[in-house]
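Now that you have both chains on their own, put them together as the hints suggest.
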Amino acid sequence: MSIPERKLTTSNIYPMKSKKPIASYENIKKTYGDAEVLKGVDLNIAPGEKVALIGPSGSGKTTIIRMLMTLEQPDSGMIKVEGKPLWYKEVNGKLAPADEKHLREMRKNIGMVFQHFNLFPHMTILRNVTEAPVHVLGLSKEEAHRRAVDMLEKVGLGDKLDAYPSQLSGGQKQRVAIARAVVMQPKVMLFDEVTSALDPELVGEVLQVIKDLAKETDMAMILVTHEMDFARDVADRVIFLHDGKIEEEGTPKEIFENPKSERLRTFLSRFLKG
Amino acid sequence: MIAIIAGLGRVSKFTFIRKVSAVYVELFRGTSLLVQLFWVFFALPAFGIQFTAFLASVVALGLNYGAYGSEVVRSAILAIPKGQTEASIALNMTNFQRMRLVILPQAFRMMLPGFGNISIELLKGTSLVSLITLTDLTYKGLILQNANISYTMPVFTTLLIVYFIIALPLIFTAKKLEKRYAKGVANV
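Taken in order, these protein sequences are the chains called A and B.
All letters in the first sequence, in the order written, are residues 219 to 492 by our numbering.
All letters in the second sequence, in the order written, are residues -17 to 170 by our numbering.
So that you can see chain B by itself, here it is in the shape it has in the complex (with noise of 0.2 Å):
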């Protein structure tokens, strides 16, 4: 969501919206994931707004991810064809339904590889909450781990399956969209 809102910003016509997109896509991508984790968990009380640990993760990741994904949402936008804005002019189209119907649908199929990518990316993300208390997969190995250090190697191995495992269906889903959304596009 955050990636779709942050990518259309990018190409918005309104300046102000594009830099202020831009913005906040350099300032996330820029700096890195964990202290962006720290700070909305232990930084923000400051200002007075405090998150659980749930909520910071959900946050920080989100708008992390988000901006990674705000690029994927940009370039498919920009490599749709002039000639598709053309015709929708054309055909006396307001902008809202020139993405709506004619640009969107069509980028949507570019971004797939790309979100399929960073969802994944994201699940492996995760590992870094156990830093803000949270408890998550890696840390519950590290546990493991420590308990018996001659756990260490088939601890991690498991590690690496389960990973794996629940991104399966993630990589699968990703796979069936874009077979999907080839309808039309390639001569299927």
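Next up, chain A with everything else stripped away, as it sits in the complex (with noise of 0.2 Å):
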């Protein structure tokens, strides 16, 4: 084959990269009171590609995801989704904030499962699946209906359809966050530490739906984790932040098997121990 020779840099080493990405972050910076979280960020996910965030708590990981699902605002640097400005919106060739209605159009192509499953109390598991559905994306209600069972019997469980939230076990409950923000079908999906706070043995389960999901799904993903394993599974490529930067990035087989700075080898060696 004659593929033409490239320069590498990290954004055409990984097959993937070379399309053009989904999201992108420049030069990201963000302050919480005195603690500089993230120190110029950059990062590309290209479509369908799978990345897994990982770093000692309080590097950034969380707050990057949550950038991008419009739940925290960048202090400066450039979120891009699609090509397109998140946190701005262009008017006669000029940028200027986002407005609600920019931020709507853009939140279609992205979902976020959280790590205490924020599920709807008050409604039955099956209308937790089915609300959004119905009223954002104006489905009828026997297709929402279809598509969420589908999805809830996908996460094993569609019987449970009648069941309130507070019926169920943690494991339970974050599958069916997943399912909910699935079959809004978008095209870049957040996982923030999704079974952080679950006991251990609902775990497993969990990381299942979500490793079948991946196998299955052409969404990208971007996964914060403090599950290594499940990294080296699931990921295409995995990213090691630390203080703020991006310290290292490689596919699981170079980050876990053969870790470059010593920052990441002493973070690697508490959970090998661990």
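By construction, these hints were calculated from the structure, which means they are not laboratory data.
Hints may contain errors.
[As the list claims (entries may be wrong)] Label-pair distances were calculated between CB atoms; the ranges are:
| # | chain 1 | residue 1 | chain 2 | residue 2 | range |
| --- | --- | --- | --- | --- | --- |
| 1 | A | A314 | B | F154 | 50 to 58 Å |
| 2 | B | P87 | A | G374 | 22 to 30 Å |
| 3 | A | E323 | B | P27 | 48 to 56 Å |
| 4 | A | E323 | B | P87 | 24 to 32 Å |
| 5 | B | R82 | A | K238 | 31 to 39 Å |
| 6 | B | S57 | A | G374 | 35 to 43 Å |
| 7 | A | A415 | B | A25 | 54 to 62 Å |
| 8 | A | E434 | B | G44 | 44 to 52 Å |
| 9 | A | A415 | B | K157 | 46 to 54 Å |
| 10 | B | S57 | A | K319 | 28 to 36 Å |
| 11 | A | D451 | B | N99 | 52 to 60 Å |
| 12 | B | I153 | A | K302 | 50 to 58 Å |
| 13 | A | E323 | B | R0 | 24 to 32 Å |
| 14 | A | G422 | B | L105 | 50 to 58 Å |
[Stated by the list, open to error] Simulated coverage check for chain B against chain A, where a stretch passes if three residues somewhere in it have a Cβ under 8 Å from a Cβ of chain A:
| # | region |
| --- | --- |
| 15 | 22 to 28 |
| 16 | 77 to 86 |
We put the CB at the ideal spot given by N, CA and C, even for glycine.
Written as structure tokens, this is what we have:
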């Protein structure tokens, strides 16, 4: 095969990255009070790519994905989704701060699963999953119902449609939350430490659902996680954040078997021992 | 109704609306209901607005208890965890949908004890309207008591009992609603 030789940069070592990115971060900075959480992050996510963000607490992993979901606004830098600025809209060739209409347009592409599930406690499981398709996507009740039941069966909760969230275990709640986000068919799915709030014996079922989903979907996924084995299995690329910067990135093999930076080695050794 | 509108106003993202509803709430909570009654009935006609005694009572009581109620609404809305808002944003709901589908149904449950309280308060607050010429329960009692001083004890005891009997349905309704909306939240 005659593939033209290309310079090896982070933007083209990974085959998927040659596609136009679905989401991109340029020199993103964010400060809370006097803590600088992100100190200039550059990151491109290719369509369909599965990216794991790892790193110690407070390294800014969660902030990165919350920004893409428009739950936090960067202090400086540019986030783009499908080439369009997320936090700005173009008016006569100039950038103006995004209004609610623009944000809603951009959010169509993005879905998120939270650490604490955030299910709607006053709705049945089924309604948790059909509510947004009906009211936001404008699907008919029947169509939304069909999609929701499909998806809930896929995550193994086909028999819990009429239960309320309070009647489920943490693992089941998180699987509902995954179904709720996936039925919206976003192009990028964000997973924010989705197993951190679960009892250890419930972690497996949730990770399995995400693994299966990762295999069969062409959604891009960004996974913030402390489960290293999971990151290794699911991700095309692993990014190690430290102190508000991308310290190292590579394939799971590169990161876990041949970590280059001292910090990454120290970080990983804590997990291998524990 | 007034309570819900003013309560929503207090949590609005528009500063102007927040300020206006805050002024309304503080004004009506901070002044005496009796004076408000007098003002609506006796002072407003000076501006060319003339209410019947009954309408004046409804307006004054409504505005006054609405102000208290709005605080119940506001605190209930603020008590809904932030995660619910974030989940609604992640599902791309509009602000209006978020309020209508997610926040208010949950907040409503928390408002019930407060509203129960206020509706009973309101019932008893009606005893003031006799002072703007309306005849109410307490006023009737006073007439009876005046007619014969030996009636004092039975008349006032009867009044208490009658107020309580009128309040009973309110108490039960509040209880019932609370139970109904507990569904899904507590393990029933």
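### Query
Do at least three Cβ atoms from the region 22 to 28 of chain B come closer than 8 Å to Cβ atoms of chain A?
violated (count 0)
#### Entry: C-beta pair B/S57, A/K319: status relative to the range 28 to 36 Å that was hinted
holds, 31 Å
### Query
Would you say the C-beta atoms of B/R82 and A/K238 sit inside 31 to 39 Å of each other?
For A/K238 against B/R82, whose Cβ atoms are near 38 Å apart, the range 31 to 39 Å holds.
### Task
Starting from the hint 24 to 32 Å, judge whether the C-beta atoms of A/E323 and B/R0 obey it.
27 Å Cβ-Cβ, so the 24 to 32 Å window holds.
### Task
Look at the Cβ atoms of A/G422 and B/L105 and judge whether their distance stays inside 50 to 58 Å.
holds, 57 Å
### Query
In this structure, is the beta-carbon distance linking B/I153 and A/K302 contained in 50 to 58 Å?
holds, 57 Å
#### Entry: Range agreement (Cβ of A/G374 with Cβ of B/P87, hint 22 to 30 Å)
Given range 22 to 30 Å: holds, Cβ gap about 28 Å.
### Query
Given a hinted range of 52 to 60 Å, is it respected by the beta-carbon distance of A/D451 and B/N99?
Once the Cβ atoms are compared, 55 Å apart, the range 52 to 60 Å for B/N99 and A/D451 holds.
### Task
Given the hint of 54 to 62 Å, check if A/A415 and B/A25 actually sit that far apart at their C-beta atoms.
This hint holds: roughly 58 Å between Cβ atoms.
### Task
Check the following: the C-beta atoms of A/A314 and B/F154 are separated by a distance inside 50 to 58 Å.
holds, 56 Å
### Query
Given a hinted range of 35 to 43 Å, is it respected by the beta-carbon distance of B/S57 and A/G374?
39 Å Cβ-Cβ, so the 35 to 43 Å window holds.
### Query
Do the Cβ positions of A/A415 and B/K157 conform to the proposed distance bound of 46 to 54 Å?
The hint (46 to 54 Å, Cβ to Cβ) is violated, given that A/A415 and B/K157 are roughly 34 Å apart.
The structure fails to meet hints 8, 9 and 15 from the earlier list, while all remaining hints are met.
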